[in-house]
Amino acid sequence: MVLMSYAKAACAALAEAMERDERVVVLGEDLGRGGIFSQYAGLQERFGAFRVIDTPISEATIMGAAVGMALAGLRPLVELRLTDFALCALDEIVNQAAKIRFMLDGQGRVPLVVRMPMGIWSASAAQHSQSLEAWFAHTPGLVVVAPATPADNYALLQAAIHCDDPVIYLEHKELWGERGEVDRDRHTKLGCARVVRPGRDITLVTWSKMVGLSLLAAQAVEQEGLSVELIDLMTIWPWDRQTVLASAARTGRLLVVHESVQAGGFGAEIAATVAENLGIPVVRLGAPRILVGYSPPLEREARISVEDIMAKLRGFGNRPAVEKR
Amino acid sequence: MITIEQHLALYRIMARIRAFEEAAEQASLGGVAVFGAVAAAGGAQVRGPLHLSTGQEAVAAGVCFWLEPDDYITSTHRGHGHTLAKGTEVNAMMAELFGRATGSNGGKGGSMHIADPRMGVLGANGIVAAGIPIAVGAAHAIKIQDGNQIVACFFGDGAINRGPFLEGLNWAKVYHLPVLFVCEDNQYAATTRSALMTGGRGVGARAKSIGIDAITVDGNDVIEVAHAAKEMTSRIRAKQGPQFLHAITYRLKGHVSVDQAGYRDPEERELALLRDPLGVAEAQMTRQGIDCTSLEAIRALAAAEIAAALAVAQAAPYPKPEEAYCQVQDCGAGSWY
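Residue numbers (my numbering), protein chains in the order written: chain R, 276 to 600; chain L, 137 to 473.
It cannot be assumed that every hint is accurate.
[Unchecked claim] Computed footprint of chain R on chain L, listed as stretches where at least three residues anywhere in the stretch have a Cβ under 8 Å from a Cβ of chain R:
no.	stretch
1	252–258
2	264–273
3	398–408
4	463–469
No lab work stands behind these hints, which were simulated from the structure alone. Note that the Cβ used here is the ideal one computed from N, Cα and C, for glycine as well.
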């Protein structure tokens, strides 16, 4: 076990993958200086500018070139800086990377990882703060991953690089400095959720930065007699419905929390699946369908707080579970 | 110099493309309801939009002539000619148009997505200019892998007004990549005359502004295209960086096969027919002493090959419905809801 930051853990995972497999190359802006969040620190010095490629600000071509590289036998990891900037490369992600394997009937494949840090951070306003995991989960052909801890960022990035499908890899910008123990021998499969803490009364499903906030909320309501089972989904698509359904069947109540806009969010998919299968009460908590404002009072309206999560949990506590098995 | 044997070989490729396009066109009538056309009650054998390269054969033939099997191409929605000239088997191409399991893409792609990675065909593309970044990426991979292949990147005159054109050319220049950009300028972007929608001094000037050597040729003269492409591909193989070929040609058909192209002056098309690339090549070769009968024989052979491809496609089975769930993704396969 090594104590590492979320950024450092990803950097270590990538370095190991590059060490193991020379087909792994990285391309994106500012990589030679370690990337804007230092998540690539030292990689160009170690692996050279041929494999850690500094690029122009050309998101469409960064992404499209990665598709071409993948078709020609490499395993590129693409840095798109922010989810918001990745929107300049939507054709290359959605029409090309996600579809080429199918359209070519498997004669060509595009194993690649697209890193596009997500989430509200540092008073960065509407075009630097979005969480769009639901968009990508809606696109057949893509895998969508959102790690919450340094340990998971280490293990999931390795798994993503190893995956033969295009993987949208969403790190949260407010987690880069988070430190935690990383087990370098741990291997994780994509598509598996993690039970962060067991509980009896309510199943709380969440991902990314909301895992930490949900844990605080769960601990706080514990003192009020509510036992919350917290699940970190980790992979948004394919999501681990088995773990979620098993937990929800036991607790009889489900709360899904995400930082992204609630309307049309991925929480709705999970809630609907649980309701269809178990017929238990489901509640969602996501951001209002507003834009992220710059000024602190405006930004606060778009954020989910520990108190917001506690309020939803308490509201649940007052309602009986329909069917508690 | 292009020898007479090479000229005949180029003509053979053009004749095969022409025969393929004409057969596909016939099989597509009634296949899609656009431009006021009505879809046939029972549908057509070739369904959906079919973008024909009739009249543009010299560009595909003249460029691909200098490519090795392991060189790559990226193509466009109007890409049958490029793919055929690069060496993809016509039976597989025709079966793909017919949506059959034996098609080049198992019926999953259709006309706009024909690909054949074993022959270096990384794919036609339904999105204008989308092949450009993919081409520079493949060229970048060649450089990283220290390979000797090159990439020919075909796109139309409409593509030069999309962002990936600028980004991709700049990328190829910055990394000094082995790419031949081929702007197959058929003068129409869908139903709009490109000149009306394109500022500045034209296609070549845009490439030159990025520092890429560019030449403009008569894209209906296969000798001119082949000559330029030969020169440019050897420069690329000599690691001299990206090159840009602007081939001016003419789209003899509408945007898609059912488009009657009533928006253009009939006289314009009549004049273009006088410069039909097959006719131009025939005149050139006749002047050099090739007799008409040997050219006719080439055309007859091409027609027979395509007729056979049609019969094979018609007889081939459709893909099984469960194929819709195959080759989507590995991680999450089975989670369709």
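Hint by hint, here is what the structure shows:
{"no.": "1", "hint": "252–258", "in the structure": "holds (count 4)"}
{"no.": "2", "hint": "264–273", "in the structure": "holds (count 7)"}
{"no.": "3", "hint": "398–408", "in the structure": "violated (count 0)"}
{"no.": "4", "hint": "463–469", "in the structure": "holds (count 6)"}
Checked against the numbered hints given earlier, this structure breaks only hint 3.
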